[in-house]
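Protein chains: 2
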Amino acid sequence: MTESGKPILYSYFRSSCSWRVRIALALKGIDYETVPINLIKDGGQQFSKDFQALNPMKQVPALKIDGITIHQSLAIIEYLEETRPTPRLLPQDPKKRASVRMISDLIAGGIQPLQNLSVLKQVEEELQLTWAQNAIISGFNALEQILQSTAGTYCVGDEVTMADLCLVPQVANAERFKVDCTPYPTISSINKRLLVLEAFQVTHPCRQPDTPTELRA
Amino acid sequence: MTESGKPILYSYFRSSCSWRVRIALALKGIDYETVPINLIKDGGQQFSKDFQALNPMKQVPALKIDGITIHQSLAIIEYLEETRPTPRLLPQDPKKRASVRMISDLIAGGIQPLQNLSVLKQVEEELQLTWAQNAIISGFNALEQILQSTAGTYCVGDEVTMADLCLVPQVANAERFKVDCTPYPTISSINKRLLVLEAFQVTHPCRQPDTPTELRA
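For the protein sequence lines, the chains are A and B, in the order given.
All residue numbers for the first sequence refer to this note's numbering, where the first residue is 195 and numbers rise by one.
All residue numbers for the second sequence refer to this note's numbering, where the first residue is 195 and numbers rise by one.
Since the hints were derived computationally from the structure, they do not count as laboratory data.
Quantities reported herein were computed from a predicted structural model and do not represent experimental measurements.
Among the hints, a few may not be true.
Repeated chains share a single entry, so a pair holds when one copy, or any two copies, can fit it.
Said to hold, decoys possible - No more than 25 Å apart at the CA atoms, straight line, and that leaves these computed lysine-lysine pairs for DSS-like:
no.: 1; residue 1: K290; residue 2: K258
no.: 2; residue 1: K289; residue 2: K252
no.: 3; residue 1: K290; residue 2: K222
no.: 4; residue 1: K372; residue 2: K315
This is chain A alone, in the form it adopts within the complex:
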């Protein structure tokens, strides 16, 4: 927390996991300060001694709040949900909550880890794009099918949930890696409906304190 008591989010404008948490903070109206951690500059600021003390996984996001530091985006969102329940990001019905967590984990555990920067660095440079695309395509094939039985206006029913906070940043990654999203009409239309919401707009990678001028919009 800052001296003013505000939570501090360690974030990188382009990190899809950071974006998930930014949306949760925005939806719940939690005022916070951003400390940018540039994953490229200085060989990666996440490797600094100071940051490693905060998050030994050397990843963003990390959130300092209520006297503790939490990392892992879904763990952060679940904590926010339990301590700041309004508006809720998990439905009341346990079966719908299971759907939300299943979709969130599919993206956060089944797609994103395989296409993130630190993994791609271990793959030969000319294979990196295909590697990332394969991870996204294989996950989206499954996700498109799952959404057909869970979705309403958004991923699960008609309320914005944690699953939507995972979906939009993952679709942005898909676009960055030039994945053709035509085979995913459900994913694409939910993404479109979410992107017009204020909480998704103000937290967008092109509008962060650390967004480079040439990428701002």
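Mind docking chain B on chain A? Use the hints.
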């Protein structure tokens, strides 16, 4: 559910994600039937049309329970926790719950996905062992440090939590991939204390209905 109303777990004896769920079911005393899905035989039974209809991600575990099918191990465990709360696998204090979920996500999202079978298949054969070891070592380096501030008898305090259900199967994977665990005394001693508990013993990969005879113990 079976005709008898028992939940059905689609599981593979060696799958660390299936093991997490088996422990949860055992701890909560939930009687269930196992349908083995052999990830190797027949080119991988998870790719069959029938199984893909159950889990489009083509992964175990999946649990049929209460008229729904849930996949993603942590989503399953959270559902069991919400619908069968005793004994609890998440502490009452939200800050401790955050620690449990942080450790669980670190393993389930930050280590296991990078060393699982489907990913290793994409890596050149002579590099597979090193690839898996690197993922585990990098995660364990972080985890060892985190546990130093969260652990009591187990990963978070003195009660068995979801984090422990992730830890033990991941240590088993580390051993399978010949990772030297000497640098991780906290991980190793918690693992040792957990392995003697009945719920961890009866769910062990060497004691499943689909465990091959030569691996049984």
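A quick look at each hint next to the structure:
no. : hint        : in the structure
1   : K290 x K258 : between (29 Å within a copy, 15 Å between copies)
2   : K289 x K252 : between (34 Å within a copy, 21 Å between copies)
3   : K290 x K222 : both (20 Å within a copy, 22 Å between copies)
4   : K372 x K315 : both (18 Å within a copy, 23 Å between copies)
The structure agrees with every numbered hint stated previously.
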